[in-house]
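Here the protein sequences come in this chain order: A and B. Residues 1 to 80 in the numbering used here are what the first sequence spells out, letter by letter. Residues 1 to 80 in the numbering used here are what the second sequence spells out, letter by letter.
Source of the hints: derived by calculation from the structure; they are not laboratory data. The reader is advised that the hints may include incorrect statements.
[What the hints assert, rightly or not] Below 27 Å or equal to it, Euclidean Cα-Cα: the simulated DSS-like pairs (lysine-lysine) are:
(1) B:55 <-> B:16
(2) A:28 <-> A:64
(3) A:28 <-> A:16
(4) B:28 <-> B:16
(5) A:28 <-> A:55
(6) B:39 <-> B:55
(7) B:55 <-> A:16
(8) B:55 <-> A:64
(9) A:55 <-> B:28
(10) A:55 <-> B:27
(11) B:39 <-> B:16
(12) B:39 <-> B:64
(13) A:27 <-> A:55
(14) A:28 <-> A:39
(15) B:28 <-> B:64
(16) A:55 <-> A:16
(17) B:28 <-> A:27
(18) A:64 <-> B:64
(19) A:27 <-> A:39
(20) B:28 <-> B:55
(21) B:27 <-> B:16
(22) B:27 <-> A:39
(23) A:55 <-> B:39
(24) A:16 <-> A:39
(25) B:27 <-> B:64
(26) B:39 <-> A:39
(27) B:27 <-> A:16
(28) A:16 <-> B:64
(29) A:39 <-> A:64
(30) A:16 <-> A:64
(31) A:64 <-> B:16
Number of protein chains: 2
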Amino acid sequence: MYILQLAMDSNSDILKRFGDRIRDYRKKNNMSQEELAEKARLHRTYIGMIERAEKNITLINIEKVANALEINLSEIFNDL
Amino acid sequence: MYILQLAMDSNSDILKRFGDRIRDYRKKNNMSQEELAEKARLHRTYIGMIERAEKNITLINIEKVANALEINLSEIFNDL
Chain A
1 MYILQLAMDS NSDILKRFGD RIRDYRKKNN MSQEELAEKA RLHRTYIGMI ERAEKNITLI
61 NIEKVANALE INLSEIFNDL
Chain B
1 MYILQLAMDS NSDILKRFGD RIRDYRKKNN MSQEELAEKA RLHRTYIGMI ERAEKNITLI
61 NIEKVANALE INLSEIFNDL
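Next up, chain A with everything else stripped away, as it sits in the complex:
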């Protein structure tokens, strides 16, 4: 069971780091999760799930969130 947990941990680590990064940028923009979701044309609960690393976000949605935060993709992943 330990190995499975290990594999899951290493997978979800990137989701956690990405979620924290989105939260940082969102707060810098003084946006609520709902405002960011609306601007990105995503469901209003989606941003919360991303920030809590509950969703394995897809590339199309990564770009939508980056556009809504007005940053480019390499900025989001800088030193991630």
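We have chain A; now place chain B onto it with these hints.
Chain B alone, transformed into the frame defined by chain A:
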């Protein structure tokens, strides 16, 4: 129908740009699609689908591919 197509085009554009970027890095590393898939622990046909923009890749798999290509995430998205 035109608007739907437009929305789909703009969505799939990032998939196309990402697929082309992965193909460039893979060829720089003189790897076949199957070799990259194996190193990234992904199905052997998966890399071909990514390169042809047929898959909306998830963040966990983006990291697997980046690790297998031995580049960091911001390099993959640099000017994408």
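Hint by hint, here is what the structure shows:
| no. | hint | result |
| --- | --- | --- |
| 1 | B:55 <-> B:16 | holds (10 Å) |
| 2 | A:28 <-> A:64 | holds (18 Å) |
| 3 | A:28 <-> A:16 | holds (18 Å) |
| 4 | B:28 <-> B:16 | holds (18 Å) |
| 5 | A:28 <-> A:55 | holds (22 Å) |
| 6 | B:39 <-> B:55 | holds (19 Å) |
| 7 | B:55 <-> A:16 | holds (23 Å) |
| 8 | B:55 <-> A:64 | holds (17 Å) |
| 9 | A:55 <-> B:28 | violated (32 Å) |
| 10 | A:55 <-> B:27 | violated (31 Å) |
| 11 | B:39 <-> B:16 | holds (22 Å) |
| 12 | B:39 <-> B:64 | holds (9 Å) |
| 13 | A:27 <-> A:55 | holds (20 Å) |
| 14 | A:28 <-> A:39 | holds (16 Å) |
| 15 | B:28 <-> B:64 | holds (18 Å) |
| 16 | A:55 <-> A:16 | holds (10 Å) |
| 17 | B:28 <-> A:27 | violated (39 Å) |
| 18 | A:64 <-> B:64 | holds (22 Å) |
| 19 | A:27 <-> A:39 | holds (15 Å) |
| 20 | B:28 <-> B:55 | holds (22 Å) |
| 21 | B:27 <-> B:16 | holds (17 Å) |
| 22 | B:27 <-> A:39 | violated (37 Å) |
| 23 | A:55 <-> B:39 | holds (24 Å) |
| 24 | A:16 <-> A:39 | holds (22 Å) |
| 25 | B:27 <-> B:64 | holds (17 Å) |
| 26 | B:39 <-> A:39 | violated (37 Å) |
| 27 | B:27 <-> A:16 | violated (31 Å) |
| 28 | A:16 <-> B:64 | holds (15 Å) |
| 29 | A:39 <-> A:64 | holds (9 Å) |
| 30 | A:16 <-> A:64 | holds (19 Å) |
| 31 | A:64 <-> B:16 | holds (15 Å) |
Going through the hint list in order, the structure does not satisfy hints 9, 10, 17, 22, 26, 27.
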